[in-house]
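Student: Here are the chains, one letter per residue:
Number of protein chains: 2
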Amino acid sequence: MKSDIEAYLSERKELVERKLLELLPNLNDDSSGLYKSMRYSVLAGGKRLRPILCIAASDAVGGTVENSLPLACAIEMIHTYSLIHDDLPSMDDDLLRRGKPTNHSVFGEALAILAGDALLADAFYLIANEGFTKGLRPSILIEVIKDLSMAVGSRGMVMGQAIDLSLEGCEDVTLEASECVHTLKTGALIEASVIIGGRISGANVYQLSRLKSYSRNIGLAFQIIDDILDIEGGGETGKNRGADQRKRKVTYPALIGLEKSREIALRLTREAVEALNGFDEKAQPLRELAHYMGGRRY
Amino acid sequence: MKSDIEAYLSERKELVERKLLELLPNLNDDSSGLYKSMRYSVLAGGKRLRPILCIAASDAVGGTVENSLPLACAIEMIHTYSLIHDDLPSMDDDLLRRGKPTNHSVFGEALAILAGDALLADAFYLIANEGFTKGLRPSILIEVIKDLSMAVGSRGMVMGQAIDLSLEGCEDVTLEASECVHTLKTGALIEASVIIGGRISGANVYQLSRLKSYSRNIGLAFQIIDDILDIEGGGETGKNRGADQRKRKVTYPALIGLEKSREIALRLTREAVEALNGFDEKAQPLRELAHYMGGRRY
Chain A
8 MKSDIEAYLS
18 ERKELVERKL
28 LELLPNLNDD
38 SSGLYKSMRY
48 SVLAGGKRLR
58 PILCIAASDA
68 VGGTVENSLP
78 LACAIEMIHT
88 YSLIHDDLPS
98 MDDDLLRRGK
108 PTNHSVFGEA
118 LAILAGDALL
128 ADAFYLIANE
138 GFTKGLRPSI
148 LIEVIKDLSM
158 AVGSRGMVMG
168 QAIDLSLEGC
178 EDVTLEASEC
188 VHTLKTGALI
198 EASVIIGGRI
208 SGANVYQLSR
218 LKSYSRNIGL
228 AFQIIDDILD
238 IEGGGETGKN
248 RGADQRKRKV
258 TYPALIGLEK
268 SREIALRLTR
278 EAVEALNGFD
288 EKAQPLRELA
298 HYMGGRRY
Chain B
8 MKSDIEAYLS
18 ERKELVERKL
28 LELLPNLNDD
38 SSGLYKSMRY
48 SVLAGGKRLR
58 PILCIAASDA
68 VGGTVENSLP
78 LACAIEMIHT
88 YSLIHDDLPS
98 MDDDLLRRGK
108 PTNHSVFGEA
118 LAILAGDALL
128 ADAFYLIANE
138 GFTKGLRPSI
148 LIEVIKDLSM
158 AVGSRGMVMG
168 QAIDLSLEGC
178 EDVTLEASEC
188 VHTLKTGALI
198 EASVIIGGRI
208 SGANVYQLSR
218 LKSYSRNIGL
228 AFQIIDDILD
238 IEGGGETGKN
248 RGADQRKRKV
258 TYPALIGLEK
268 SREIALRLTR
278 EAVEALNGFD
288 EKAQPLRELA
298 HYMGGRRY
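Just so you know, the sequences run in chain order A and B. So for the first sequence, my numbering puts the first residue at 8; every next one is plus one. So for the second sequence, my numbering puts the first residue at 8; every next one is plus one.
By construction, these hints were calculated from the structure, which means they are not laboratory data. Hints may be right or wrong, so weigh each one.
Since the list can't tell identical chains apart, any single copy or any two copies may satisfy a pair.
Stated by the list, open to error - Calculated cross-link-like contacts (lysine to any residue; reagent style SDA-like; alpha-carbon spacing at most 25 Å):
no., residue 1, residue 2
1, K54, L143
2, K141, R274
3, K43, M157
4, K43, C187
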C-alpha cells in the first residue's frame with residue numbers, strides 16, 4: 008500500500024505530466040524536429056520534485072493547484088533545459104540521462120541546444136500567459152519572474168555550472184567552493200520553486216522567510232545525496248555510476264567522505280522540517296517531502 | 008555634418024551601451040569567466056538597431072527614454088545570446104562576427120553556451136526588476152514579457168533557427184519557406200522590439216497595430232538586405248563574404264536574384280513608413296530608421 012506522501016507525490020506528478028503534455032503538443036508540421044526534441048527530454052521521466060515542491064509550497068499556504076500548476080510546469084521546463092545543456096559534449100559530455108540517451112545523442116548538438124533555449128524562453132511565456140489568463144495579480148507574477156530569472160541566470164544556476172566547469176580537475180577545491188557550486192547550480196532553482204509556490208498563493212513575509220530556510224536546507228541535502236548516489240550507484244540517477252568521480256567533479260563525498268556527507272544531509276533535512284514549525288497541517292506534504300528527499304535509498 | 012537620424016542613432020546607441028556596461032560589470036571575482044564572456048559579446052559593437060527601434064517606438068507615442076531603456080537593453084542581451092548560439096560549431100560554425108573572433112573561438116564552447124543562456128535569463132530579470140523599481144504598471148510588464156518570450160522561444164526565433172538548419176543543403180526551398188524562416192528568425196524579435204517600446208509608453212490598440220505593420224515590413228526588408236550584403240560583401244556584417252552561399256543558406260537573393268531582392272526591400276521600406284501615417288512628428292525617428300535600415304549601402 009502507498010503511504011500518504013507517495014500518493015501525494017504520484018498524484019501531483021501525474022498532474023504535472025499531463026499539463027506538460029498539453030503544453031508541448033505533438034505537432035504534425037514540426038519539420039525541424041524542435042518540438043520533438045523538447046518533448047523527448049521534458050517527457051523523459053524523472054521525479055518532478057521541483058514542480059511538486061512548488062505545488063506543495065502553494066498548498067502549504069492554502070493555494071490551489073490550478074494556480075500553481077502552470078508555474079510548476081515552467082519550473083520543470085527550465086530544469087529540463089538545464090539538463091539538456093549540462094549533458095552537451097562541451098559540458099559534462101553525458102550519453103545517458105535517466106537511463107535514456109541524452110538529447111544531443113538522439114537529435115544532435117544543434118537541436119539539443121535549441122531545445123534548451125526554447126524551453127527557457129517558453130517557461131517565461133507560460134508564466135506570463137497563463138498567469139494573465141487566470142487573472143493572477145500581475146504584481147505577484149512579476150515577483151515570480153524576478154525570483155525565477157534570478158535563480159537561473161548569471162546570478163544563479165548558469166553561474167553554478169560555469170564555476171563547476173572551471174573547477175573540474177582542480178586538486179585543491181575547498182568545501183566552501185563546493186558548497187557555492189551546489190547552492191548556485193542546484194539550490195537556487197529548488198529555492199525558487201518553493202518561494203514561487205508560496206508567493207503565488209499569498210504567503211506573507213514571515214512565511215516566505217521560513218519557506219526560504221526550508222528550501223535552502225533541502226536544496227543542499229538533495230545535492231549531497233545525489234553525489235552519494237553517484238558513488239554508490241544503483242541506477243536511480245540513470246547516469247553511469249561514478250561519472251562525477253571520473254570527471255573529478257567537486258562533491259561532498261569526495262571532500263569529506265560518504266559517512267560525514269550522510270550526516271550533513273540528515274542534519275539539513277531536520278533543519279528544513281523545523282523551519283516549517285509555524286505552519287499548520289497543510290504543510291505536511293512539504294515536511295514529508297523533506298524526509299523523502301533526504302532519505303532516498305538509505 | 009551628421010544628419011538628424013545619424014545624431015539620433017548615435018545618441019541612443021551611446022545610452023544603450025552605457026546602460027549595458029552598467030548591467031554587466033567587470034567583476035573581480037569572476038573566476039569562471041562567465042561575465043567576461045557575456046561582456047565580450049554584448050560590448051562587441053553592432054548598430055544596436057533593435058534597442059534603438061524599441062526606444063524610437065516608445066518615443067513615437069510620447070514615452071520617456073528612462074522607461075524604455077531597460078527594455079531596450081534586455082532586447083539587445085537576447086539578440087546577443089542568439090548570435091552567440093547561432094555562431095557555435097554545431098550551428099553556423101562561424102569564426103568571425105562583426106570582424107572579431109566569435110565568443111566560442113575566444114572562450115570555448117561551454118562558456119559560450121552558458122553566456123548565451125545567462126543573457127537570455129538575465130534579460131527577463133532585467134525587465135521584471137527594473138520595471139518593478141521604476142514603478143511601471145505590472146500588467147504592462149507582463150504583456151511585455153509575453154511579447155518577448157513568444158518572439159524568442161519555440162514560436163519565434165528558436166524555431167526560425169531550427170527550420171533554417173533543417174533546410175540547409177536542400178535544393179528545392181520555396182520562397183514561402185524562406186520567408187517563414189526570415190519572419191521567425193529575425194522578424195519576430197524586431198517586431199517585439201517595436202511593439203514593446205510602444206506598449207511600455209501607453210500605445211493604444213490602433214497604434215500597436217500600426218507599429219506591428221511597420222515592424223513586419225522593416226523586419227523582412229532588414230533580413231533581405233543582410234542577405235544582399237552577404238553576397239556583395241564589404242565588411243559591414245563582419246562575417247566572411249558569401250558565408251551564407253557556401254552553406255547554401257536559404258536567402259532571397261539566392262532564390263530570386265539581387266535586383267528583385269532590392270526591389271522587394273525598397274517596397275517593404277515604403278510600406279513600413281506608410282504604416283505610420285497616423286503618427287505625428289514624434290514618430291519621425293522611426294520613419295527615418297526604416298529608410299536607414301532599408302537603404303544600407305545602396
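Student: For the identical chains here, do K43 and M157 meet the 25 Å Cα criterion within one copy, between copies, both, or neither?
Tutor: between (29 Å within a copy, 19 Å between copies)
Student: Should K43 paired with C187 be assigned to within, between, both, or neither, using CA atoms and 25 Å as the limit?
Tutor: between (35 Å within a copy, 20 Å between copies)
Student: Using 25 Å as the alpha carbon limit, work out where K54 and L143 are close: within a copy, between copies, both or neither.
Tutor: neither (28 Å within a copy, 39 Å between copies)
Student: Have a look at K141 and R274 and pick one of within, between, both or neither, based on CA distance no larger than 25 Å.
Tutor: neither (40 Å within a copy, 42 Å between copies)
Of the hints listed earlier, those the structure fails to meet are numbers 1 and 2, in rising order.
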